[in-house]
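Undergrad: Sequences listed follow chains Y and D, in order. If you're matching positions, the first sequence starts at 485 in the numbering used here and goes up one per residue. If you're matching positions, the second sequence starts at 20 in the numbering used here and goes up one per residue.
Because the hints were derived from the structure by calculation, they are not lab data. Bear in mind the structure is a predicted one, so any value in this text is a computation, not a measurement. C-beta: ideal position from N, C-alpha, C; glycine also. Treat the hints with caution; some may be incorrect.
Covered by chain Y, per the in silico footprint, the following chain D stretches (three or more residues, Cβ under 8 angstroms) [claimed, not checked]:
#, segment
1, 32 to 44
2, 55 to 68
3, 83 to 94
Chain residues, written in single-letter form:
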Amino acid sequence: MNAKNRAGQKGEKTACSVGQNRQEVREGIRRGLPVLIGYFSASIPFGLLAKAGGISLLETFLFSALVFAGASQFMALNLLQAGVVAGEIILATFLVNSRHLVMSTVLAARLRENSLEKVEEEAEKTREVVRSGRPGPEGPEPGRLEPGRPETGRLKPERPGPGTGSGKLLTFLAAFGVTDESFALAVTRKKRLTPLFLLALEVTAYSGWLTGTITGFLLGAALPAEARASMGIALYAMFAAILIPELKKSRPALFLAVGAGVFHTLLERLQLFSAGWNLILAIVLTAIAGSYFYGRKKEE
Amino acid sequence: MPDLLLIAGMAAVTYIPRLLPFLLLSGRTLPPAFKRFLAFIPYTALGALIIPGVIEAVPGRPWVSLAGLATAAVIAWYRQGLILPVVAAAGMVFLLLVWLGG
Numbered sequence: 485m486n487a488k489n490r491a492g493q494k495g496e497k498t499a500c501s502v503g504q505n506r507q508e509v510r511e512g513i514r515r516g517l518p519v520l521i522g523y524f525s526a527s528i529p530f531g532l533l534a535k536a537g538g539i540s541l542l543e544t545f546l547f548s549a550l551v552f553a554g555a556s557q558f559m560a561l562n563l564l565q566a567g568v569v570a571g572e573i574i575l576a577t578f579l580v581n582s583r584h585l586v587m588s589t590v591l592a593a594r595l596r597e598n599s600l601e602k603v604e605e606e607a608e609k610t611r612e613v614v615r616s617g618r619p620g621p622e623g624p625e626p627g628r629l630e631p632g633r634p635e636t637g638r639l640k641p642e643r644p645g646p647g648t649g650s651g652k653l654l655t656f657l658a659a660f661g662v663t664d665e666s667f668a669l670a671v672t673r674k675k676r677l678t679p680l681f682l683l684a685l686e687v688t689a690y691s692g693w694l695t696g697t698i699t700g701f702l703l704g705a706a707l708p709a710e711a712r713a714s715m716g717i718a719l720y721a722m723f724a725a726i727l728i729p730e731l732k733k734s735r736p737a738l739f740l741a742v743g744a745g746v747f748h749t750l751l752e753r754l755q756l757f758s759a760g761w762n763l764i765l766a767i768v769l770t771a772i773a774g775s776y777f778y779g780r781k782k783e784e
Numbered sequence: 020m021p022d023l024l025l026i027a028g029m030a031a032v033t034y035i036p037r038l039l040p041f042l043l044l045s046g047r048t049l050p051p052a053f054k055r056f057l058a059f060i061p062y063t064a065l066g067a068l069i070i071p072g073v074i075e076a077v078p079g080r081p082w083v084s085l086a087g088l089a090t091a092a093v094i095a096w097y098r099q100g101l102i103l104p105v106v107a108a109a110g111m112v113f114l115l116l117v118w119l120g121g
């Protein structure tokens, strides 16, 4: 990726936040591209099934455009087919999607995180790198589209607060785009999370979801069965590709990921909670266990 | 036929949980323990998003799903970027399904 070089050279002179904003948007779009592909593939079956279920193109589009939550959209199709009334479908949707409460909390915290000290630290790292003229100690970080060091140095002085362009409107829009996938991509960003970056990522993902839905509705039936069946892997492949570079770098990451997966499997077997909450419980409780375990280890 | 009311209802109950935390959390400082907890979230989230769901990624074909996932993992191990693993995994699954038939 040569983006970092370009960004590093350009940034110096661009007077403050316009250049930064553009940079954040650009990085958000880049980060969102794999989700766009994944969502495009994942939403083709939705359009296809909706059409098969006798739903109009407009309504199919509105499902994806207004709800924008995969699992619950597929569920709604099933329930409609089974003749379940709207009220119950809405309730079930709430149960499935209330998990985003937790994801939004994490993202809001990350946006809010007044990481002055972190930014300061990274800026220092940048200066060191510049002085010694070689990349940082870990080298370029694979899987992440922005290694972040060149820019953070110049981000520091103008940005003490919680991010450029953080208007209320931006927050309202960014909240709409919170999904499992945008969440996963946003929290794995090592640089500070900004509303613009998040929104750009989400809009990119959203466009994949919408175009895939329409494509599926119009053309899905023409696809060979194997092609349709192979689309389900896309998002998992993306998750794996985000995770692998982290696993290479740290052993705790491996334990945490596998631990959460095992715990999630267990919760699904037990069937005590809805699917959405199984996921959240696995994520949150494993992270709590991890921060307890590794936190204490550090103190010793 | 679903009516627009259903879609509007689903949209509302989906959006509200997404939005509330952004409104409630603004302007608060976070305790360090919470920040440490946040730092672990990416790993646990990815683990739980992949396992066990990936088994069902290709309905009724767990081994094909795992082969697709492995393809993505191997590529991601050697190269950076997310797009190639995604495309290659889908391609691998497609080829396996064609090869295995129906």
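Undergrad: Work down the list of hints and note, for each, if the structure agrees.
TA: Evaluated hints:
1. 32 to 44: holds (count 12)
2. 55 to 68: holds (count 14)
3. 83 to 94: The restraint on the segment 83 to 94 of chain D holds, since 7 of its residues have a Cβ under 8 angstroms from chain Y and three suffice.
The structure agrees with every numbered hint stated previously.
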